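Student: Put together the whole structure using the sequences plus the hints.
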Amino acid sequence: QLVESGGGLVKPGESLRLSCAASGFTFNTYSMNWVRQAPGKGLEWVSSISSTSTYIYYPDSLKGRFTVSRDNAKNSLYLQMNSLRAEDTAIYYCARSLVPYCGITTCPSWGDYWGQGALVTVSS
Amino acid sequence: QSALTQPPSASGSPGQSVTISCTGTSSDVGAYNFVSWYQQHPGKAPKLIIYEVTKRPSGVPDRFSGSKSGNTASLTVSGLQAEDEADYHCCSYGGSNNVGVFGGGTKLTVL
Chain Y
23 QLVESGGGLV KPGESLRLSC AASGFTFNTY SMNWVRQAPG KGLEWVSSIS STSTYIYYPD
83 SLKGRFTVSR DNAKNSLYLQ MNSLRAEDTA IYYCARSLVP YCGITTCPSW GDYWGQGALV
143 TVSS
Chain A
169 QSALTQPPSA SGSPGQSVTI SCTGTSSDVG AYNFVSWYQQ HPGKAPKLII YEVTKRPSGV
229 PDRFSGSKSG NTASLTVSGL QAEDEADYHC CSYGGSNNVG VFGGGTKLTV L
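Protein chains in written order, with the working numbering: chain Y, 23 to 146; chain A, 169 to 279.
Please keep in mind that the hints were generated in silico from the structure rather than gathered at the bench. What you are looking at is a predicted structure, and each value in this text was computed from that prediction instead of being measured. C-beta: ideal position from N, C-alpha, C; glycine also. Careful, some of the hints might be misleading.
Derived list of chain A stretches under chain Y, where covered just means 3 residues or more per stretch with a C-beta under 8 Å from a C-beta of chain Y [unchecked claim]:
hint : stretch
1    : 197-207
2    : 217-228
3    : 251-262
4    : 266-279
Pairs of lysine-lysine residues, derived as BS3-like cross-links and limited to a Cα-Cα distance of at most 30 Å, are as follows [stated by the list, open to error]:
hint : chain 1 : residue 1 : chain 2 : residue 2
5    : A       : 215       : A       : 236
6    : Y       : 63        : Y       : 33
7    : A       : 215       : Y       : 85
8    : A       : 212       : A       : 275
9    : Y       : 96        : A       : 275
10   : A       : 236       : Y       : 96
11   : Y       : 33        : A       : 212
12   : A       : 212       : A       : 223
13   : Y       : 85        : Y       : 96
14   : A       : 236       : Y       : 33
15   : A       : 215       : A       : 275
16   : A       : 223       : A       : 236
17   : Y       : 63        : A       : 215
18   : A       : 212       : Y       : 63
19   : A       : 236       : A       : 212
20   : A       : 223       : Y       : 63
21   : A       : 236       : A       : 275
22   : Y       : 85        : Y       : 33
23   : Y       : 63        : A       : 275
24   : A       : 275       : A       : 223
25   : Y       : 85        : Y       : 63
26   : A       : 236       : Y       : 63
Tutor: So this is what it looks like as structure tokens:
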């Protein structure tokens with residue numbers, strides 16, 4: 023099970039940190055991912071992080087503003103979002119990679135488990 | 169603008185088959201056999217129904233099938249049922265700089 027938290031209403035330029043609490047599987051063996059969905063729009067990949075945090079990936083459009091991290095001792099995944107813009111308004115989902123003990127670029131299929139989503143609204 | 173191109177809508181009657189296309193480039197869909205499809209009902213999280221172009225996770229009916237030719241992947245839903253009415257999203261691996269390249273989604277209506 024994956025449960026996101028930390029969403030809310032923020033003003034442009036502010037920061038927000040999302041959390042994703044994992045349970046029911048061996049968290050430290052799976053890569054994890056963040057995906058977002060703007061209102062009425064399609065899905066957008068936000069970030070991926072390997073099981074040991076060694077490898078981290080972002081789309082070019084988000085590099086420098088978003089930072090993904092994880093704490094395997096707490097079975098938790100995080101997304102730090104800075105300098106937020108109106109276009110960052112979306113539901114943010116965490117999703118598990120399919121294959122344990124396999125890197126993101128070797129086993130890039132994911133999404134067998136998703137959280138319920140956390141709504142982030144950026145508005146003045 | 170999404171990197172992969174899907175038709176915005178598709179429809180079919182119960183019992184019929186419908187195919188949804190997902191067109192990318194030689195850098196994503198055409199380059200890797202890592203295309204996934206997700207089903208999403210309104211207000212719900214996406215659900216994985218196809219991965220690695222043709223594979224189905226446990227519990228997904230075999231009415232759902234995937235294929236790929238060149239830069240275009242396809243999802244076929246056979247024997248349409250009312251509960252298949254949902255949004256369908258394709259996603260391809262596009263290399264380390266583009267781990268997840270999504271389409272804009274297709275709304276499937278069961279008439």
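Student: Give a verdict on every hint.
Tutor: Hint-by-hint comparison with the structure:
Chain Y is given as covering the stretch 197-207 of chain A, and this holds because 4 residues of the stretch bring a CB closer than 8 Å to a CB of that chain, at least three being needed. Under a criterion of three residues with beta carbons nearer than 8 Å to beta carbons of chain Y, the stated coverage of the stretch 217-228 of chain A is upheld, 3 such residues being counted. For the stretch 251-262 of chain A, the assignment as covered by chain Y holds, since 3 residues bring a beta-carbon within under 8 Å of that chain's beta-carbons and 3 suffice. Closer than 8 Å: that is the beta-carbon criterion, and the stretch 266-279 of chain A has 8 residues meeting it against chain Y, so the requirement of 3 holds.
This hinted pair checks out: residue 215 (chain A) and residue 236 (chain A) have alpha carbons roughly 20 Å apart, not beyond 30 Å. Between residue 63 (chain Y) and residue 33 (chain Y), the direct Cα distance comes to roughly 21 Å. Compliance with the 30 Å bound is thereby established for this hinted pair. With a C-alpha separation of about 27 Å, the suggested pairing of residue 215 (chain A) with residue 85 (chain Y) holds against the 30 Å cut-off. At roughly 14 Å between alpha-carbon atoms, residue 212 (chain A) and residue 275 (chain A) fall within 30 Å of each other, so this suggested pair holds.
Straight-line distance between C-alpha atoms of residue 96 (chain Y) and residue 275 (chain A) comes to about 38 Å, which puts the hinted pair past the 30 Å bound. Only pairs whose Cα atoms come within 30 Å are accepted, and residue 236 (chain A) paired with residue 96 (chain Y) is rejected, the gap being roughly 40 Å. With a C-alpha separation of about 26 Å, the suggested pair residue 33 (chain Y) and residue 212 (chain A) falls inside the 30 Å cut-off, and the hint holds. Taking the CA atoms of residue 212 (chain A) and residue 223 (chain A), the gap is near 23 Å; set against the 30 Å cutoff, the hint holds.
For the hint linking residue 85 (chain Y) to residue 96 (chain Y), the alpha-carbon distance of about 26 Å falls within 30 Å, and the restraint holds. In summary, the hint linking residue 236 (chain A) to residue 33 (chain Y) is not supported, as the alpha carbons are separated by about 43 Å, beyond the 30 Å threshold. Proximity of residue 215 (chain A) to residue 275 (chain A) is assessed by CA-CA distance (about 15 Å); at most 30 Å being required, the pair is judged to hold. Distance restraint check for residue 223 (chain A) and residue 236 (chain A): the Cα-Cα separation of roughly 12 Å lies within the 30 Å cut-off, and the hinted pair is therefore satisfied.
Under the criterion of a C-alpha separation no larger than 30 Å, the hint pairing residue 63 (chain Y) with residue 215 (chain A) is consistent with the structure, at around 16 Å. Taken as a hint, the residue 212 (chain A) and residue 63 (chain Y) pair is honoured in the structure, with Cα atoms around 14 Å apart against an allowance of 30 Å. Taking the CA atoms of residue 236 (chain A) and residue 212 (chain A), the gap is near 27 Å; set against the 30 Å cutoff, the hint holds. This hinted pair checks out: residue 223 (chain A) and residue 63 (chain Y) have alpha carbons roughly 26 Å apart, not beyond 30 Å.
Under the criterion of a C-alpha separation no larger than 30 Å, the hint pairing residue 236 (chain A) with residue 275 (chain A) is consistent with the structure, at around 20 Å. Taking the CA atoms of residue 85 (chain Y) and residue 33 (chain Y), the gap is near 20 Å; set against the 30 Å cutoff, the hint holds. Between residue 63 (chain Y) and residue 275 (chain A), the direct Cα distance comes to roughly 11 Å. Compliance with the 30 Å bound is thereby established for this hinted pair. Distance check on the hinted pair: residue 275 (chain A) and residue 223 (chain A) sit about 22 Å apart at the alpha-carbon level, within 30 Å; holds.
Only pairs whose Cα atoms come within 30 Å are accepted, and residue 85 (chain Y) paired with residue 63 (chain Y) is accepted, the gap being roughly 21 Å. In summary, the hint linking residue 236 (chain A) to residue 63 (chain Y) is supported, as the alpha carbons are separated by about 25 Å, within the 30 Å threshold.
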